Amino acid sequence: MTEAPGAAWRLPPVWVLLVAVVLIVCAEVGGASMARFKLELTRWARGAMLARPAVHGLVGVRDVDERILDEALVKFDAGLRLFHMHAEGMGLVIIATTTVAATLARSGPTRGAIIALLTAGGAGYPLGYLVWAGLIPYHGLERGKAIAEWLVWIPFGGATILALWWLAGLVAWRMTRRDPV
Amino acid sequence: MKRPPLVVVLVALLILALGETGGAVMSQLRPALQRRAAARVNANAQAHGLSGSAEYDDEVRERAVYAAEAGLSFFHTHAEGLGLVLFFASTLVASVAPGRRIRAALYLLLTAGGLFPLGYAVYGVAVLELGRETGIELAERWVLTPLGSAAILGLVGLAAALAAARSRA
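Protein chains in written order, with the working numbering: chain A, 1 to 181; chain B, 182 to 350.
One chain only, chain B, in its complex shape:
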């Protein structure tokens, strides 16, 4: 099997390394992360609609902290998966896709798609800084959707390249 350009390999490795490290941080520093997240919600009281009523505010804070933790957890799992997807898919592109331009376009789409998990890191931070709904919308619209679409397009392109290679053989 041929290998893709080093930059693609590096992105795959970095995403895997970040995913592993994120998982370890989540596991070892959970209480500290939860305290930090709660403090950020308090610091952005207006964005979270805190009212001053302890019972209501506690519920809002808990939901925001839970969403931030979910963001980190999704970052960990997606980084582990998409790092591997980028590695194996780009190896197939290097080995099967015809023409430098087509390969370059597929590398670009797959590498952008490999960055998709970073959207969940953005999600985790944005939820705390901008409020739950606004943060989730920002991460989905500006990071997760474009990068996820790039991954899908890259994989569809790879599937087309494989189908073309099969019909040539």
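Next up, chain A with everything else stripped away, as it sits in the complex:
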């Protein structure tokens, strides 16, 4: 565990930090809103689902329909909760990983690409849970999930995963050179 004398972190660009902080703020506000407006949100989702019986496979039999509605509402709530958790986490992931990229990626284009992927991926991915929750009342569980997956989770999650492995490879490569580590 040798240290490079005087090695210090460099901050990522301010817009990156702003995106990360705004994401964390959204997570906090989302969490607070979920708690404060739980009843209103549930009523709205239930009303939207009842207005689209065919989408949710509602048959008009109370026992059957209530079970379907309950399952959809649990997933709706889970989508909001997962947005809250992932947005908090990914805000911090953006700050930490772009700091590493800003400090250790020497080539300008590489640094820019990694930072852009980490920021866009990290900020976009949690929004997929919000999109999913919003889509459930209108498109049903499976179709809502498929839309969120292809529109948000796969592109933005993929960007984050790609950038993280790229950055890890870059740090490993620097370790094999004779730079002070």
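Note that these hints are calculated values from the structure, not bench results. Watch out, some of these pointers could steer you wrong.
Here are some chain B residues the structure puts well away from chain A; computed CB gaps all over 10 angstroms [claimed, not checked]:
id: 1; residue: 184
id: 2; residue: 201
id: 3; residue: 204
id: 4; residue: 210
id: 5; residue: 214
id: 6; residue: 228
id: 7; residue: 248
id: 8; residue: 264
id: 9; residue: 337
id: 10; residue: 350
So the derived label-pair ranges between C-beta atoms look like this [unchecked claim]:
id: 11; chain 1: B; residue 1: 350; chain 2: A; residue 2: 4; range: 20 to 30 angstroms
id: 12; chain 1: B; residue 1: 243; chain 2: A; residue 2: 109; range: 47 to 57 angstroms
id: 13; chain 1: A; residue 1: 108; chain 2: B; residue 2: 330; range: 16 to 26 angstroms
id: 14; chain 1: B; residue 1: 327; chain 2: A; residue 2: 158; range: 27 to 37 angstroms
id: 15; chain 1: B; residue 1: 345; chain 2: A; residue 2: 28; range: 46 to 56 angstroms
id: 16; chain 1: A; residue 1: 173; chain 2: B; residue 2: 208; range: 22 to 32 angstroms
id: 17; chain 1: A; residue 1: 108; chain 2: B; residue 2: 269; range: 20 to 30 angstroms
id: 18; chain 1: B; residue 1: 345; chain 2: A; residue 2: 74; range: 48 to 58 angstroms
Please read these numbers as outputs of a predicted model, since none were measured by experiment. Just so it is clear, CB atoms sit at the ideal spot from N, CA and C, and this is done for glycine as well.
Take the given structure of chain A and dock chain B to it, following the hints.
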């Protein structure tokens, strides 16, 4: 803020990358993972105490698959958290802790602690290969407890270093 040694940064990044990738794999390949897990339970019938009674065996299989999935899920969430803990805590060590030896000891403890989530990956595999109870015990005793203790010791050491820095100032 000073930066910690590259090896510490690399471990933090690898844990984050593994956590992200694990989450994506869990989400995209869930049915395939469940089939594979059920097949491993069948292949280790004796370890799981399968009796040949379909109803009983199904319940045992379901519980083991559920435990393996829980292991993967915990791996994902803990890797995301502890990767960040290692990054930020080691940055504080680099910036605040006095003396090379103290810093090296804290880096070592925090880095070992950063590997804690791997214990849940072991948990997921061991449950399927050795049986639910034996697998969980193995992961807890030999991986989760030592690595978790290292994380706790490292963080306590960092807190002590911060307190000492405050009293010096």
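Does the structure break any of the earlier hints, and which numbers would those be? 1, 2, 3, 8, 13, 15
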